[in-house]
Structures are given as C-alpha cells and as structure tokens.
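Residue numbers (the numbering used here), protein chains in the order written: chain A, 1 to 83; chain B, 1 to 414.
A hint or two may mislead.
[To be verified] Mimicking SDA-like on lysine to any residue, the simulated pairs with C-alpha atoms at most 20 Å apart in a straight line are: (1) Lys-129(B) with Arg-51(A); (2) Lys-52(A) with Ile-118(B); (3) Lys-52(A) with Leu-181(B); (4) Lys-65(B) with Pro-59(A); (5) Lys-52(A) with Ser-132(B); (6) Lys-129(B) with Glu-24(A); (7) Lys-93(B) with Ile-47(A); (8) Lys-129(B) with Val-56(A); (9) Lys-316(B) with Ser-40(A); (10) Lys-129(B) with Asp-42(A); (11) Lys-129(B) with Arg-55(A); (12) Lys-129(B) with Ile-47(A); (13) Lys-129(B) with Val-43(A); (14) Lys-52(A) with Asp-270(B); (15) Lys-65(B) with Val-56(A); (16) Lys-52(A) with Ala-218(B); (17) Lys-52(A) with Asn-116(B); (18) Lys-65(B) with Arg-33(A); (19) Lys-129(B) with Pro-59(A); (20) Lys-129(B) with Glu-49(A); (21) Lys-65(B) with Arg-55(A); (22) Lys-52(A) with Ile-92(B); (23) Lys-52(A) with Ser-122(B); (24) Lys-65(B) with Val-43(A); (25) Lys-254(B) with Leu-38(A).
I should point out that these hints are in silico values taken from the structure, not numbers from a laboratory. It should be emphasised that the depicted structure is a prediction, and the values quoted were computed from it without experimental measurement.
In case you want the letters, here they are:
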Amino acid sequence: MTNEEIRQAVIDILSDISPEEDLENLDDNTPFRDQLSLDSMDVMDIILELRKRYRVNIPEEDYGKLDTMTNTVAYLEPSLKEM
Amino acid sequence: MELPEEQRIVITGIGLTAPNGNSLTDFRSALLTGKSGVQDYEIRYFGKTLAGICHFDALKYQSRKDLRRGTRAGSVAVYCTNEALMDAGIDIKCADRSQVGVFLGITEHGNVETENEIYQISQFGYDCKYWSHHHNPRTVANNPAGEVTLNLGITGPHYTIGAACAAGNAGLIQGVQMLRLRECDLALAGGVSESIHTFGIFAAFAAETALASHRHPAQASRPFDKQRNGIVVSEGGAVYVLERLSDATLRGAKIYGEIIGYAMNSDASDYILPNTERQIECMMKALDKAGLAPNEVDIVSTHATATVQGDIQEIKALRQVFAGCKTTYINNTKSYIGHAMGAAGVLELAGNLPSFEDGVCHPTINVDELDPECEINNLVVNKPQPLGDIRVILNNSFGMVGINSVLIVKKYVH
C-alpha cells in the first residue's frame with residue numbers, strides 16, 4: 001500500500017466508526033481528538049479495525065503514536081507497505 | 001379507600017414502536033382494522049422464519065454513531081422514551097433530570113450482542129483479540145435503560161427489570177413503586193425487546209416445538225385458534241410517562257388512565273409450562289389491590305402466545321376468575337404483532353388504553369376455528385366490539401421459569 005492508500009484506509013475506518021464527522025477537511029497534522037469528537041472507545045475501534053482489516057497488531061504502548069493522520073500513516077507504513 | 005393524590009399514579013404519555021405501528025394512534029388504528037405486523041424473516045444460522053419487525057426511524061433521536069455503539073434494544077428504548085415525553089408535553093431539558101427514573105422490563109438482553117461477537121471472531125479463527133471492547137457496555141443488563149439516560153441527560157436512577165415475558169408490566173410496577181416512594185418525580189417505565197436479532201431464541205422455540213409457522217405471515221400468530229402452532233417472535237417497545245396524580249393535575253396533563261392495581265408472583269413449578277393456579281392468584285391479588293370485584297373489569301388483555309398448552313392454561317384461569325362476569329370482555333394483541341417479549345405486556349396494554357376514549361374492544365384476529373378448550377364467554381374474535389363506557393382494563397403477562405404479572409388500569413375521570 002502507498003502512503004495515500006494507507007491514509008484512505010484510515011479515513012474509511014474513521015468514517016465507519018464516526019459517520020457524522022467531516023473528514024474531507026481533516027488536518028493531517030492536528031491530533032484526531034482535537035478536531036473530531038472521538039473518545040477512548042473510538043481510538044480502540046481504530047485499533048480493532050486495523051487488526052481486522054489489515055491484521056496489524058498494535059501494542060498498547062504504541063496507541064499514543066496514532067494521534068494524528070501523519071503520525072498514523074508513518075507508524076503503519078512499515079507494516080502495510082508490502083500489502 | 002381512595003389513596004391521596006400523591007400516591008395515585010397516572011399515565012400521561014406513551015411512546016411505542018410495534019411491528020404494525022410507530023405511534024399509539026397508528027398502533028390503535030392497526031388493531032381496529034386487523035392489520036398484522038408479522039413478516040417473512042431470515043436470520044443467521046437459523047434461516048427463514050417469521051418475525052414481527054419494527055420500522056421506526058432510529059435516526060429521529062440518535063446519530064448514526066450512537067446506533068453503531070449501542071444496541072437495538074437501546075435504540076428502541078430511546079425512540080419510545082422521546083416519543084412518550086413528547087406525547088406527555090414534557091420538555092426533559094426543563095425538568096429536574098436528577099428526579100427522573102428509567103425502568104424498563106426486558107425478557108433477556110445481551111444475547112444479540114454476544115452472538116454477533118462470536119460470529120465476528122469466527123471470521124478470525126476464534127481469536128479473542130478480535131472481540132470488541134463495545135461488548136461490555138452493550139451487554140450489561142441495564143443497557144437499554146442506560147442508553148435512554150445517555151440520550152436525554154437523565155441523572156436519576158435507571159435499570160432494567162429482567163422478568164421474562166412478564167417484564168413489561170414489571171417495568172410499570174417498578175415505576176409506580178418508585179413514584180410512591182418519592183425516589184423520583186417522573187418515571188419513564190415500560191419494556192423493550194430486540195429478541196428477533198438473536199438466532200438463539202428462534203432455535204430454542206423451535207426446539208421446544210413452540211415456534212409458529214404459516215404460509216401467510218399475517219396469519220401465523222393465532223392465539224386460541226385450533227390450528228395455532230406456536231409463537232411469532234417480535235421486537236418492539238413501549239415507554240410510559242408515569243406521574244403522581246397531584247403532579248399531573250398541577251400541570252394540566254392529559255391522563256390516559258390510572259394504575260390502580262398490580263401483582264406479581266411465581267409459579268415455582270416448571271421452567272417453561274405455565275401454572276393456572278398461580279395465574280389465578282396473581283389476577284385475584286391485583287384485583288384485591290385495586291379494590292375491584294372481577295365483574296368490574298371491562299377488558300382482559302390476555303397474555304396468550306398461541307402455544308397449544310399456554311393458551312388453554314390462561315383460559316382456564318380466566319374462566320375461574322371471571323366466572324359469571326357478563327360484561328367482562330377478553331381480547332389478545334399478539335395475534336397482530338406476535339410476541340414482543342419484554343415489550344409484550346406494555347404494547348398490549350397500550351393498544352387497549354384508547355378504548356377508554358373510543359369505547360371499542362379490539363379483537364383477537366386469526367381465529368378461523370376456535371379451539372373448544374379456549375372457549376370463554378365474551379372472547380372478542382376477528383371484529384371489533386363496541387362496548388360503550390370502558391372503565392377498567394386488566395393486563396396479563398406471564399413468563400418462563402414461572403413469573404406472572406398483572407396490571408389494572410382505570411379510566412381517569414376528573
């Protein structure tokens with residue numbers, strides 16, 4: 001997957017777990033929780049959906065690395081680039 | 001002896017969703033025109049069957065995110081409660097929400113969500129790492145009532161009452177008691193069910209040879225008919241706004257009726273089979289609490305689910321309690337909507353309450369040939385029966401593991 005494809009994969013997950021959000025104007029460098037109404041349950045949803053859809057296992061100590069879109073794509077790139 | 005107004009509890013709002021109507025007006029109209037809500041249905045593992053399916057607008061009071069997070073029972077409860085408050089003319093934002101209680105009867109809760117999660121992890125080799133963190137808040141037994149408090153910002157007490165198919169009445173009884181104890185000033189009480197979304201309930205009723213089948217879905221639920229062959233499982237809900245009479249009159253509320261008597265008891269005899277003697281005792285106890293003789297009841301809303309044995313047992317009980325009561329009429333609502341489980345009692349009562357105004361007893365439908373063992377005087381069959389002045393309704397709801405509930409509502413006259 002390219003970085004753009006990874007980004008779209010995250011957008012797809014966000015649109016499923018928080019359908020009312022405006023994701024078209026998402027700022028990739030601003031934390032998700034500062035611009036979207038996400039709570040801790042939603043963050044766990046993102047982790048679970050990444051596991052289900054792409055078999056990516058993210059250890060709990062890394063959850064904080066998925067704070068912005070840019071950081072999320074960078075974190076996922078090593079795992080997904082060969083997909 | 002009449003209770004003081006602070007102890008008299010009245011119904012001032014009703015919100016509901018039934019397979020044949022999403023408001024009391026539409027539901028009543030369906031019951032007077034013989035409109036069934038039973039449809040063809042298919043569910044994972046079990047396959048094709050029949051069910052009573054509700055078609056309310058779930059997005060009327062919740063976001064898509066709320067619906068994804070919550071449960072169908074929660075969604076039913078949120079819809080019904082908002083509709084009930086609107087019907088009662090109460091703006092909850094202006095009320096003291098710490099004094100509002102939510103009390104909902106359920107037959108069961110959590111089976112749907114557990115089956116869904118097990119199905120999900122089955123797609124991943126049953127690896128529990130794929131189990132959702134939403135499972136806990138979705139399956140706690142208070143979920144449907146709790147979702148109402150989340151939706152409306154209610155901070156008073158909330159919980160569900162697990163009472164099998166006697167649960168709807170039990171929810172109302174809880175509301176009455178909490179108001180009388182002054183534990184709350186407004187009770188949002190009733191019952192809900194999401195049971196059609198669990199394959200297990202269909203499989204279990206089939207295993208008990210108690211699941212209805214019929215080539216015409218609308219004719220499948222046929223209490224008291226000779227050809228009845230079991231239960232049509234349904235979803236649904238009804239929430240009532242309950243208030244002390246003193247509060248209701250103070251704000252000039254519309255009053256549907258007053259809950260003047262109730263009773264609950266246990267069979268202590270069988271896991272599944274009902275017990276006529278205990279049903280009789282429950283009805284007599286409720287009548288005693290209401291200070292009524294049996295012949296003062298105008299309509300008996302039966303629990304009958306269209307199982308061969310259950311219908312006969314209830315009719316036996318009714319023949320004894322209402323022997324010689326020439327002006328007591330008997331009807332049934334499951335014949336239209338199937339068995340809405342935790343919502344059954346409150347939907348069936350709600351369907352009858354407009355009779356205080358229109359003077360008509362709606363019939364039980366789908367009786368082509370009355371089972372002689374279900375014959376009883378004044379059973380209203382297949383066409384509505386105008387009765388004139390209807391003042392008292394007795395509502396039966398019975399459930400598995402031997403639980404009975406009876407509620408008596410009287411027309412309120414200023």
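Right, here's what the structure says about each hint:
The straight-line distance between the Cα atoms of Lys-129(B) and Arg-51(A) is roughly 9 Å, inside the 20 Å bound, and the hint therefore holds. For the hint linking Lys-52(A) to Ile-118(B), the alpha-carbon distance of about 14 Å falls within 20 Å, and the restraint holds. Our distance criterion of 20 Å between C-alpha atoms is broken by Lys-52(A) and Leu-181(B), whose separation comes to about 50 Å. Restraint check for Lys-65(B) and Pro-59(A): the C-alpha separation of about 26 Å exceeds 20 Å, so the hint is violated.
Restraint check for Lys-52(A) and Ser-132(B): satisfied, since their Cα atoms lie roughly 11 Å apart, inside the 20 Å limit. Proposed proximity of Lys-129(B) and Glu-24(A) is contradicted: the alpha carbons are some 31 Å apart, above 20 Å. Pair hint Lys-93(B) plus Ile-47(A) does not hold up; C-alpha atoms about 36 Å apart against a cutoff of 20 Å. For the proposed pair Lys-129(B) and Val-56(A), the alpha carbon gap of about 11 Å is at most 20 Å, so the pair holds.
For the hint pairing Lys-316(B) with Ser-40(A), the CA-to-CA distance comes to about 56 Å; that exceeds 20 Å, so the pair is violated. Taking the CA atoms of Lys-129(B) and Asp-42(A), the gap is near 17 Å; set against the 20 Å cutoff, the hint holds. Between Lys-129(B) and Arg-55(A), the direct Cα distance comes to roughly 11 Å. Compliance with the 20 Å bound is thereby established for this hinted pair. Taking the CA atoms of Lys-129(B) and Ile-47(A), the gap is about 11 Å. The hint holds against a cut of 20 Å.
Our distance criterion of 20 Å between C-alpha atoms is met by Lys-129(B) and Val-43(A), whose separation comes to about 15 Å. For the given pair, Lys-52(A) sits about 45 Å from Asp-270(B) by alpha-carbon distance, which is inconsistent with the 20 Å threshold. Taken as a hint, the Lys-65(B) and Val-56(A) pair is broken in the structure, with Cα atoms around 24 Å apart against an allowance of 20 Å. For the hint linking Lys-52(A) to Ala-218(B), the alpha-carbon distance of about 41 Å lies beyond 20 Å, and the restraint is violated.
Pair hint Lys-52(A) plus Asn-116(B) holds up; C-alpha atoms about 15 Å apart against a cutoff of 20 Å. Proximity of Lys-65(B) to Arg-33(A) is assessed by CA-CA distance (about 16 Å); at most 20 Å being required, the pair is judged to hold. Pair hint Lys-129(B) plus Pro-59(A) holds up; C-alpha atoms about 12 Å apart against a cutoff of 20 Å. Between Lys-129(B) and Glu-49(A) the alpha-carbon distance is near 11 Å, which keeps this suggested pair within the 20 Å criterion.
About 24 Å separates the Cα atoms of Lys-65(B) and Arg-55(A), which puts this hinted pair outside 20 Å; it is violated. Using a Cα cut-off of 20 Å, the hinted pair Lys-52(A) and Ile-92(B) is violated, with the two alpha carbons roughly 41 Å apart. Restraint check for Lys-52(A) and Ser-122(B): satisfied, since their Cα atoms lie roughly 12 Å apart, inside the 20 Å limit. Distance restraint check for Lys-65(B) and Val-43(A): the Cα-Cα separation of roughly 14 Å lies within the 20 Å cut-off, and the hinted pair is therefore satisfied.
Restraint check for Lys-254(B) and Leu-38(A): the C-alpha separation of about 42 Å exceeds 20 Å, so the hint is violated.
Hints 3, 4, 6, 7, 9, 14, 15, 16, 21, 22, 25, counting from the list given before, are not met by this structure.
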